[in-house]
Amino acid sequence: MSIFDYFRNGKKDTASIAKERLQIIVAHERNQRSQPDYLPKLQQELLDVIRKYVDVDQDQVEVQLDNNGNCSVLELNIVLPDR
Amino acid sequence: MAKIIVVTSGKGGVGKTTTSAAISSGIAMRGHKTAVIDFDIGLRNLDIIMNCERRVVYDFVNVINGEANLRQALIKDKRAENLYILPASQTRDKDALSVEGVERVLKELADDGFEYIICDSPAGIEHGAFMAMYFADMAIVVANPEVSSVRDSDRILGILQSKSRRAEQGERVEECLLLTRYNPERVEKGEMLGVKDVEEILATKLLGVIPESETVLKASNQGIPVIHDKESPAGQAYSDAVARILGEEVEHRFMSVEQKGLFQRLFRRSA
Ligand SMILES: Nc1ncnc2c1ncn2[C@@H]1O[C@H](COP(=O)(O)OP(=O)(O)OP(=O)(O)O)[C@@H](O)[C@H]1O
Ligand SMILES: [Mg+2]
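The listed protein sequences correspond, in order, to chains S and R.
Numbering follows the numbering used here, with no gaps: position 41 of the first sequence is 41.
Numbering follows the numbering used here, with no gaps: position 271 of the second sequence is 271.
No lab work stands behind these hints: they were computed from the structure.
Don't be surprised by glycine CBs; every beta carbon is placed ideally from N, CA and C.
Worth double-checking, as some hints may not be accurate.
[Unchecked claim] Simulated restraints, written as ranges between beta carbons of each label pair:
id	chain 1	residue 1	chain 2	residue 2	range
1	R	L43	S	N31	50 to 58 Å
2	R	E168	S	V73	49 to 57 Å
3	R	H252	S	D55	31 to 39 Å
4	R	E191	S	V79	48 to 56 Å
5	S	Y38	R	T215	33 to 41 Å
6	S	V73	R	T215	53 to 61 Å
7	S	S72	R	G170	17 to 25 Å
8	R	A167	S	Q60	34 to 42 Å
9	R	Q90	S	V73	51 to 59 Å
10	S	E75	R	E214	48 to 56 Å
11	R	E214	S	V73	48 to 56 Å
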């Protein structure tokens, strides 16, 4: 697509779309890489405990570990189903 | 001390074997005793690209298993004086390579006076790719200007930074990016990721840009590494990359349309 097309359609060229997608996926995967190995297992076990009480889906539980200088925050995000 | 260089990518078919053949030939032609090892067990291809497929008797796995010694397995290249090829085996046992075995072969090559050892990695992030990169001092990460290839390159960089022997010892593998099959016309039209974009995303030093070129297929048809084709833009780009590996400062070429146009005109005149 030429610059001319850009102004005509107001659409982004495909290379810019590729770059944006890459920036997002690479940032996400780098973040995962720095997570400790026990995180997926921790997530699974937490899910098992929660499921004893509430019926939640696998993808409704999000576990994230953030490092802020000398302290780490374990963030647990659970979406409970509608009643 | 031999310098061990892995040519790796994650994604398949991006140009690792083409690059391994070109770079090892180029370094050898500059007077350094060089070995190039095919780590693609079960799918050997380097022998074809280097035109020595009919001279393979023993292979890498034979040496590791003690069925042949290194001298018997190394094939002397017919074109480059100081170059030797260690072919992969066609066994289906992908775990035939052991850390100890690979280390022993690399050490023997170094003791034998080899200055550069180029490891042509298989695709993927499995055992073979891991074996190829584990002992590396330097890594050439080959990528195409395409989303999935760049993403895989980033994963490979992550593995180099955490799982290689250097990483285990608290050191770093010297990483660099080789962007191949580059088409400046398409980049200019906004149809292909540009070299600056890829550099920015991967935050890795650029070793070179190899343009998409018909001469690469012609070279592989004949089993002549493309670096021997002095007229070919891809061959010239590989020569520049070799100079940079040897520590020279060479300006980057083949990244924009104007330059390529000029070269095409020169070729047309000389043809
Ligand atoms: N600069 C280039 N221009 C045009 N074609 C190229 C270029 N580089 C590589 N190719 C072609 O791309 C194909 C794959 O190349 P090659 O075998 O070197 O990739 P590879 O990464 O080693 O693949 P594999 O992952 O299967 O080992 C070949 O057909 C080769 O001719
Ligand atoms: Mg290959």
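Status of each hint after checking the structure:
The hint said 50 to 58 Å for the Cβ distance between R:L43 and S:N31, and at roughly 34 Å that hint is violated. At about 29 Å, the CB distance of R:E168 to S:V73 disagrees with the hint of 49 to 57 Å. For the pair R:H252 and S:D55, the supplied restraint of 31 to 39 Å is violated, since their beta-carbon distance comes to about 58 Å. Roughly 40 Å separates the CB atoms of R:E191 and S:V79, a value that falls outside the hinted 48 to 56 Å.
About 51 Å separates the C-beta atoms of S:Y38 and R:T215, a value inconsistent with the hinted range of 33 to 41 Å. Judged by the Cβ atoms, the range 53 to 61 Å given for S:V73 and R:T215 holds: they are separated by roughly 55 Å. The supplied range of 17 to 25 Å is met by S:S72 and R:G170, whose beta-carbon atoms lie about 22 Å from each other. Between R:A167 and S:Q60 the Cβ separation comes to about 36 Å, which falls inside the hinted range of 34 to 42 Å.
Under the hint 51 to 59 Å, the C-beta atoms of R:Q90 and S:V73, about 52 Å apart, fit the expected range. For the pair S:E75 and R:E214, the beta carbons lie near 53 Å from each other, so the given range of 48 to 56 Å is met. Checked against the hint of 48 to 56 Å, the pair R:E214 and S:V73 passes, with Cβ atoms roughly 55 Å apart.
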